[in-house]
Amino acid sequence: MDIATFFQQMANAMSLGSLYALIAIGYTMVYGILRLINFAHGDVFMLGAYFAFYAVTALAMPWGIAFIVAIGLTGLFGMGLERAAYRPLRDSPKISIMISAIGASFLIENVGVVLFGGRPKSFPSIPLFDTVIHFGSVSVLSVSLFIPVVTLIILAALLWIVNGTRTGLAMRAVSTDLDAARLMAIDVNKTISLTFGISSVLAGIGGIMRTMKYPQLNPLMGFMPGLKCFIAAVIGGIGNIQGAVLGGFLLGFIEIMIVAFLPELTGYRDAFAFVLLIAVLLAKPSGLLGKNQTVKV
Amino acid sequence: MKRNTILSIAASLVILTAVTLADATLGRFTIRILNLSAIYIILALSLNLLNGFTGLFSLGHAGFMAVGAYVSALLTMSPAQKEMNFFLEPIVPFLANVQLPFPIALIAAGTCAGIVAVVIGVPALRLRDDYLAIATLGFAEIIRVILTNTQNITNGAQGLKGITKYSTTWVVWSCAILAIVFMLALVRSSYGRTMKAVRDDEIAAEAMGVNIVKVKSTSFVISSFMAGVGGALLGHMITTIDPKMFTLILTFNILLIVVLGGNGSITGSVLGAIIVTVLMEALRFLDMPMNFLFFKTDGLPGLRMVIFSILLMIVVLYRQRGLMGNKEFSWDGAFSLLGRKRRSGKGGRP
Numbered sequence: 000m001d002i003a004t005f006f007q008q009m010a011n012a013m014s015l016g017s018l019y020a021l022i023a024i025g026y027t028m029v030y031g032i033l034r035l036i037n038f039a040h041g042d043v044f045m046l047g048a049y050f051a052f053y054a055v056t057a058l059a060m061p062w063g064i065a066f067i068v069a070i071g072l073t074g075l076f077g078m079g080l081e082r083a084a085y086r087p088l089r090d091s092p093k094i095s096i097m098i099s100a101i102g103a104s105f106l107i108e109n110v111g112v113v114l115f116g117g118r119p120k121s122f123p124s125i126p127l128f129d130t131v132i133h134f135g136s137v138s139v140l141s142v143s144l145f146i147p148v149v150t151l152i153i154l155a156a157l158l159w160i161v162n163g164t165r166t167g168l169a170m171r172a173v174s175t176d177l178d179a180a181r182l183m184a185i186d187v188n189k190t191i192s193l194t195f196g197i198s199s200v201l202a203g204i205g206g207i208m209r210t211m212k213y214p215q216l217n218p219l220m221g222f223m224p225g226l227k228c229f230i231a232a233v234i235g236g237i238g239n240i241q242g243a244v245l246g247g248f249l250l251g252f253i254e255i256m257i258v259a260f261l262p263e264l265t266g267y268r269d270a271f272a273f274v275l276l277i278a279v280l281l282a283k284p285s286g287l288l289g290k291n292q293t294v295k296v
Numbered sequence: 000m001k002r003n004t005i006l007s008i009a010a011s012l013v014i015l016t017a018v019t020l021a022d023a024t025l026g027r028f029t030i031r032i033l034n035l036s037a038i039y040i041i042l043a044l045s046l047n048l049l050n051g052f053t054g055l056f057s058l059g060h061a062g063f064m065a066v067g068a069y070v071s072a073l074l075t076m077s078p079a080q081k082e083m084n085f086f087l088e089p090i091v092p093f094l095a096n097v098q099l100p101f102p103i104a105l106i107a108a109g110t111c112a113g114i115v116a117v118v119i120g121v122p123a124l125r126l127r128d129d130y131l132a133i134a135t136l137g138f139a140e141i142i143r144v145i146l147t148n149t150q151n152i153t154n155g156a157q158g159l160k161g162i163t164k165y166s167t168t169w170v171v172w173s174c175a176i177l178a179i180v181f182m183l184a185l186v187r188s189s190y191g192r193t194m195k196a197v198r199d200d201e202i203a204a205e206a207m208g209v210n211i212v213k214v215k216s217t218s219f220v221i222s223s224f225m226a227g228v229g230g231a232l233l234g235h236m237i238t239t240i241d242p243k244m245f246t247l248i249l250t251f252n253i254l255l256i257v258v259l260g261g262n263g264s265i266t267g268s269v270l271g272a273i274i275v276t277v278l279m280e281a282l283r284f285l286d287m288p289m290n291f292l293f294f295k296t297d298g299l300p301g302l303r304m305v306i307f308s309i310l311l312m313i314v315v316l317y318r319q320r321g322l323m324g325n326k327e328f329s330w331d332g333a334f335s336l337l338g339r340k341r342r343s344g345k346g347g348r349p
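Chains E and L supply the protein sequences, listed in that same order.
Here the first sequence is numbered in numbering that gives the first Met the number 0, starting from 0 and rising by one per residue.
Here the second sequence is numbered in numbering that gives the first Met the number 0, starting from 0 and rising by one per residue.
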């Protein structure tokens, strides 16, 4: 392996890692506030990509506006999902909520298959993202540079929202103790709804950026990334935004590097994440940056 | 012998005779649904043992089914069949000439699934709730990836074709009845009660001296054994298997049955399995092109699954207890119901 290939792979790993990080943040925020694995998050990611696709092709919007519309719609969809599938079960046993989440995920996927068709669609190319940039002998797609930059900007904005605004304070309060937060006159439902909105917006951005990089859409494309990003969130320490970013990058790097250095293991690519998950859960169940929690009786 | 035992044995015999008669008289399509119901009964019971009775939320069922299906298929295939299947890469020598009778292969399938469950259970069962769900889902995916990549053992993505059709109506329904009887005995035993104790309150159970790790792993292994047998029967029924069959969608179908029937009810799982299997086939027309009065739709593949997802959502949101809750059918209950009707009937007459 020469140095050029190495940098090539590094660029790939950076953009894949940023994508994972972006979606993992969504999982971690929802988990942090509701202790719920939002199984449908990967499908919200898929919807974001499809919204953008239809806005560009069917509605012939310029891509900038189309992306904003798609991201907004995805955010609204996430809030609607919470309202319909999770809020009625807020006080139910955990297993019921999880089954509801799995059901919602399958419903979105299957409705996707019916509405969008099972055949993959290809996204029209956008020159800004499609140009190949050369650095000496290393050549990368411009979108691979955009993705990490966008992720970092979003991360900064998010950390400001969570740590610097009153809304963020409410989110942290609900996540620490839902009932106590309600007693402190925090509108819990609104806060949770907003959290879903933000996490879905992130999923929408992730979905659009992924289609810029791999311009193929199909209704089941959210499933695997969804699982992997949840794993990334768990590895980093679920409930912790920096942890999710760390986990996302770690997963992206390991996946790309193992495939690059040990090509005979390429067939096992999808299993790496799970092996890593199990290893982390056994060694440090609360994740790399998570705090240990004891169960109170 | 008590009256209820006699009644149960009689009912089992009646069911077996009925399905044997059905096998002789009905068409192939109907028999297929009938047999599929029996297999789903076994699978639903095995998931219910974990999910409903021990409170372990596992999403890895498809993985254990895959193990069972592959083991049984590879053990029963004739050497000539294997040679035909493995055209990309020859099969490993130690499997090439093995051919065992079906019952032994079926037990081996369950045992292998059980062994895999022991290996998985040691790390996974230390986790709780949603972590356990994700870990088991992860293990099932790992099993599937391994099956896809071990070309000289499982024939990889091409799968196995021409598996002998051993899953006759009689075989699958005998297995299903066996599974029901076994589950009833298990749940009523002291072991079953410790399982329920672990489900209801782990910490309290531990304080009462229940060995939680042992109870959980036993339940996990038994459930996987049943899933392995169910997977093997499924493989011998549709006669072709490949790794793509055993995805989360399969686990989802079984979960749908368990939730619909009632988490923690054997009767519920049995009813749920039959209802879902029949509906799955009956609603197949939804995927076909349709002709309404004013407009015509092209085939909408996937509409059937939409209906099922909505069904699951409705049950979870509005009737969490499912059809049966955690109640069971019992002869005493049935008689008292009949008696009440008769009495009220009498009372109504002048």
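Hints listed in this document are in silico derivations from the structure and should not be mistaken for laboratory results.
Please note that a few of the clues may not be correct.
[Unchecked claim] Chain E is faced by these chain L residues, among others (derived, beta-carbon under 10 angstroms):
1) Gly54
2) Met244
3) Ile248
4) Leu249
5) Asn262
Keep in mind that this is a model prediction, so the values were computed, not measured.
Each residue gets a CB set at the ideal place from its N, CA and C atoms; glycine is no exception.
List of violated hint numbers, smallest to largest
2, 4
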